[in-house]
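Enquirer: Read off the chains here:
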Amino acid sequence: MRPPVDTAIPEAAAVTARETAAQEAYWMASQWQLMWRKFRRHRLALVGGTVLILFYVLGIFCDFFSPYTIRERFQGLQNHPPSRIHWIADGRLVGPYVYPTVQTLNPETFEATFTELTDIRYPVRFFTRGEEYRLIGLFPTRIRLYGVERPAGIFLFGTDALGRDLLSRTLCGARISLSIGLVGVAISFALGVIFGGISGYFGGRADMFIQRMIEFIISIPTIPLWMGLAAALPKDWSVMQLYFGIVVILSLVRWGSLARVVRGKLLELREHDFTMAARLAGLRERAVITRHLLPSFASYLIVHLTLAIPDIILGETALSFLGLGLRSPAVSWGVLLKAAQNVRSVAAYPWMLIPALFVIVTVMAFMFVGDGLRDAADPYRQR
Amino acid sequence: MAQYLVKRFLYMILLLWLLTLVSFIIIQLPPGDIVSSIVRRMAETGEAADQAMMDAMREQWGLDKPIHIQYWRWFRNLLRGNMGFSFLLNRAVAEVVGERIALTALISGSTLIFTFVMAIPIGIYSATHQYRAGDYVFSFVGFIGLATPNFLLALILMMGLLAVGMSPGGLFSPEYLKQPWSIGKVVDLLAHLPLPIVVVGTAGTAGVIRIMRATLLDELEKQYVITARAKGVAETRLLFRYPVRVALNPIISTIGWLLPVIVSGEIITALVIGIPTVGPLLFRALQFQDMFLASSLLLMLNMLTVVGTLLSDLLLVASDPRIRFEARAG
Chain U
1182 MRPPVDTAIP
1192 EAAAVTARET
1202 AAQEAYWMAS
1212 QWQLMWRKFR
1222 RHRLALVGGT
1232 VLILFYVLGI
1242 FCDFFSPYTI
1252 RERFQGLQNH
1262 PPSRIHWIAD
1272 GRLVGPYVYP
1282 TVQTLNPETF
1292 EATFTELTDI
1302 RYPVRFFTRG
1312 EEYRLIGLFP
1322 TRIRLYGVER
1332 PAGIFLFGTD
1342 ALGRDLLSRT
1352 LCGARISLSI
1362 GLVGVAISFA
1372 LGVIFGGISG
1382 YFGGRADMFI
1392 QRMIEFIISI
1402 PTIPLWMGLA
1412 AALPKDWSVM
1422 QLYFGIVVIL
1432 SLVRWGSLAR
1442 VVRGKLLELR
1452 EHDFTMAARL
1462 AGLRERAVIT
1472 RHLLPSFASY
1482 LIVHLTLAIP
1492 DIILGETALS
1502 FLGLGLRSPA
1512 VSWGVLLKAA
1522 QNVRSVAAYP
1532 WMLIPALFVI
1542 VTVMAFMFVG
1552 DGLRDAADPY
1562 RQR
Chain V
216 MAQYLVKRFL
226 YMILLLWLLT
236 LVSFIIIQLP
246 PGDIVSSIVR
256 RMAETGEAAD
266 QAMMDAMREQ
276 WGLDKPIHIQ
286 YWRWFRNLLR
296 GNMGFSFLLN
306 RAVAEVVGER
316 IALTALISGS
326 TLIFTFVMAI
336 PIGIYSATHQ
346 YRAGDYVFSF
356 VGFIGLATPN
366 FLLALILMMG
376 LLAVGMSPGG
386 LFSPEYLKQP
396 WSIGKVVDLL
406 AHLPLPIVVV
416 GTAGTAGVIR
426 IMRATLLDEL
436 EKQYVITARA
446 KGVAETRLLF
456 RYPVRVALNP
466 IISTIGWLLP
476 VIVSGEIITA
486 LVIGIPTVGP
496 LLFRALQFQD
506 MFLASSLLLM
516 LNMLTVVGTL
526 LSDLLLVASD
536 PRIRFEARAG
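Quick note, the sequences are listed as chains U and V, same order.
Numbers 1182 to 1564, taken from the working numbering, label the letters of the first sequence in order.
Numbers 216 to 545, taken from the working numbering, label the letters of the second sequence in order.
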């Protein structure tokens, strides 16, 4: 870190001055500024954070980034492999274009193959007009990032068994898959803070009871429990009702460990000198909690919340994959993966697994960010 | 010590009773009951069911009684080893669940062993080679393992098996499927075990590696290690004699959360690769609202983890002198 010592005295003085300034900035920095400094040094966490921002933006504006709506079907183009994008024609670079494809059925094996009709080139157009949609549900527009003129189609991730563009569905599936983690964690957080707070603040019997309850919940295998609870959701519920039903089920199991964190931290902080000092200074109980206790463990809570999000996302994916969670017409990554339940269909149409890639990358990104936050939030870790 | 064991055992009995309650309530939550489910199915095939028949069925199975009486009847029968009747399979539940639970327990148990056999050496290696290439490789693979849902890993591995021309999935070859147990069948079973074990165990292994690595790193920094090194204790001997032993204790206590994770994973994996354990049966029972079967399966699965956790607690008492003394004192 330290620059090589120079013999020229004025320069050395400048270096010392700069160092002092840097030190001063360090000592005067707030807790969050310090965390941000350390977090920035965690490269994987930065990559993870960037990926998450990208995915959330893609999800929120999925209609714009995808060429088709999630319901548009292409007759005769079912289970179409990812489209081939061509760049060169007649030995010249002419930019991206596609050929329309037709399905031919092998009369003996009944396997469908797609052949390109190379008569007309259909260039990929950017900021083109597609089906009308409402951007973030508000502004009606037809502009989409890219697309091609019919009858050609552009399916970067291929199509599903009903001839719908998998890329459009994957991007829009992110809305449910990514939001369910946040909503689920919000519910777990509320439950965790309430029960953990009661447990840590009152102690005694309430603490004993809540702790045993948490132990009990944690000892139950989640998937069978989720399966049982999800099977109890009425079959005629709307997508919205199902969504909230599933979120509640997923977070019912997850709040326990958060409550433990809150309780443990409260118990520890209660004994600290600064709490005593705040009390002695005549602060009221509420001020002690909100001004001194909460800020001291807010960072820990954020770490645990970040690490809880992937659990909820994986839970929804697993339930929907089994057909117990969200169902069509809702589109989430789990619902899309339901098409990949059978090995033989996966082997025949491997692009059906693309949504799984999004699940894995998202979960890893959350874990990296959580790790980075954990390191950043730990005041005793100097690296 | 004896007092601790008794206390722990009584607590487990209480937990088991709570589990019967939870398992029963969850299955009762869906609207309608098994009779309406049967009637719906009959209506789909064009048969009509009259009210008298439905009432007769409800009476036969005690479904007309209030819920707490139903629970009491189910619980009393349970104590006698009678788990009720499965409408789905048309047999007594006790007759069907035994083998499936045994297979689930076998896979879960083997997975637990696999997890430790893989995770402990890798964790030790990663901690002693911190920030070297091997550590990064294991960390990276571990992250992928943690992030990949079980069912996906199952699909990918099965595709791999399919690609090299092996028959993926299942727990028995077709020729042994309906056969009674024999040595040949056991060998066949063992040959099919690795796939579900790897699928179920990967996430847990990744988690245990991280814990092992972190605790061992903490231990290695401690004063006693430096002292021992200064006194000239050989590095390997020092490592295995003290820090590793201390670091193993948190690992043993992970069984408490690892077992539920493994059992969960086993259920969903069994559904994907089609092995005749509890998973597929529970799934069908839930969809059919076959309440006695579903409740019993749910209960047995939960018992598996509760009993497993008790065993891990006892193991911890046996292995950690600090807890042993505390248990003796308390």
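Just so you know, these hints were derived from the structure itself, not from any lab.
Careful: at least some of the hints might be erroneous.
Unchecked claim - Computed list of lysine to any residue pairs in SDA-like fashion (alpha-carbon distance at most 25 Å, straight line):
no., chain 1, residue 1, chain 2, residue 2
1, V, Lys393, V, His407
2, U, Lys1416, V, His407
3, V, Lys222, U, Ile1398
4, U, Lys1219, V, Asp350
Enquirer: Can you name, in rising order, the numbers of the hints this structure does not satisfy?
Expert: Violated hint: only 2; rest satisfied.
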